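Sequential numbering from 1 applies to the sequence shown in my numbering.
If you're looking for bench data, these hints aren't it; they were derived computationally from the structure. Model, not experiment: these values are computed from the prediction. Please note: incorrect hints may appear among the correct ones.
The calculated label-pair distances, taken between Cβ atoms and stated as ranges, are [claimed, not checked]:
| # | residue 1 | residue 2 | range |
| --- | --- | --- | --- |
| 1 | D72 | Y27 | 37 to 47 Å |
| 2 | P26 | A79 | 28 to 38 Å |
| 3 | Y102 | L41 | 33 to 43 Å |
| 4 | L30 | A73 | 36 to 46 Å |
| 5 | N42 | Y102 | 35 to 45 Å |
| 6 | I29 | D98 | 30 to 40 Å |
| 7 | D98 | A54 | 11 to 21 Å |
| 8 | P26 | Y78 | 17 to 27 Å |
| 9 | K36 | M71 | 24 to 34 Å |
| 10 | D72 | P26 | 40 to 50 Å |
| 11 | D72 | K28 | 31 to 41 Å |
| 12 | Y102 | I43 | 20 to 30 Å |
| 13 | D53 | I96 | 34 to 44 Å |
| 14 | Q46 | D82 | 26 to 36 Å |
Within a straight-line C-alpha distance of at most 30 Å, the following computed DSBU-like cross-link-like pairs (lysine-lysine) qualify [claimed, not checked]:
| # | residue 1 | residue 2 |
| --- | --- | --- |
| 15 | K36 | K75 |
| 16 | K39 | K75 |
| 17 | K39 | K28 |
Beta carbons: idealized from backbone N, C-alpha and C, even for Gly.
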Amino acid sequence: MYKSRFLQLLVFLTFFSCASNVFAEPYKILFGSCLKQDKPLNILDQIYREQPDAFIFLGDNVYGDTEAETMDALKQAYAVADEFLDRDSLGEIHAIWDDHDYGRNDG
């Protein structure tokens, strides 16, 4: 009796969990890293054409390397990156920070 009910429940849940995915729209996630703001970033054009639902920066999102005591170079790196990124074309944006995002390499 219990085995039969359990099997019926399992089949029922499997059917409905699979059926809901049949009609779901694909969710496109793109990844990228190492965006050197002083180099051409032609890859961004391809990323924008893909029209992702989400984009995940995987680190070294800017290169703010500096030996200076102030953070001016890092602030400038983020300002330049802000100019060339079309945030509306990237969907949700998520980021992981790495060494260059904070300033000095391996600092």
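Hints, verified against the model:
{"no.": "1", "hint": "D72 x Y27: 37 to 47 Å", "verdict": "holds (39 Å)"}
{"no.": "2", "hint": "P26 x A79: 28 to 38 Å", "verdict": "holds (35 Å)"}
{"no.": "3", "hint": "Y102 x L41: 33 to 43 Å", "verdict": "violated (21 Å)"}
{"no.": "4", "hint": "L30 x A73: 36 to 46 Å", "verdict": "violated (28 Å)"}
{"no.": "5", "hint": "N42 x Y102: 35 to 45 Å", "verdict": "violated (26 Å)"}
{"no.": "6", "hint": "I29 x D98: 30 to 40 Å", "verdict": "violated (19 Å)"}
{"no.": "7", "hint": "D98 x A54: 11 to 21 Å", "verdict": "holds (19 Å)"}
{"no.": "8", "hint": "P26 x Y78: 17 to 27 Å", "verdict": "violated (32 Å)"}
{"no.": "9", "hint": "K36 x M71: 24 to 34 Å", "verdict": "violated (19 Å)"}
{"no.": "10", "hint": "D72 x P26: 40 to 50 Å", "verdict": "holds (43 Å)"}
{"no.": "11", "hint": "D72 x K28: 31 to 41 Å", "verdict": "holds (37 Å)"}
{"no.": "12", "hint": "Y102 x I43: 20 to 30 Å", "verdict": "holds (23 Å)"}
{"no.": "13", "hint": "D53 x I96: 34 to 44 Å", "verdict": "violated (18 Å)"}
{"no.": "14", "hint": "Q46 x D82: 26 to 36 Å", "verdict": "violated (20 Å)"}
{"no.": "15", "hint": "K36 x K75", "verdict": "holds (14 Å)"}
{"no.": "16", "hint": "K39 x K75", "verdict": "holds (17 Å)"}
{"no.": "17", "hint": "K39 x K28", "verdict": "holds (27 Å)"}
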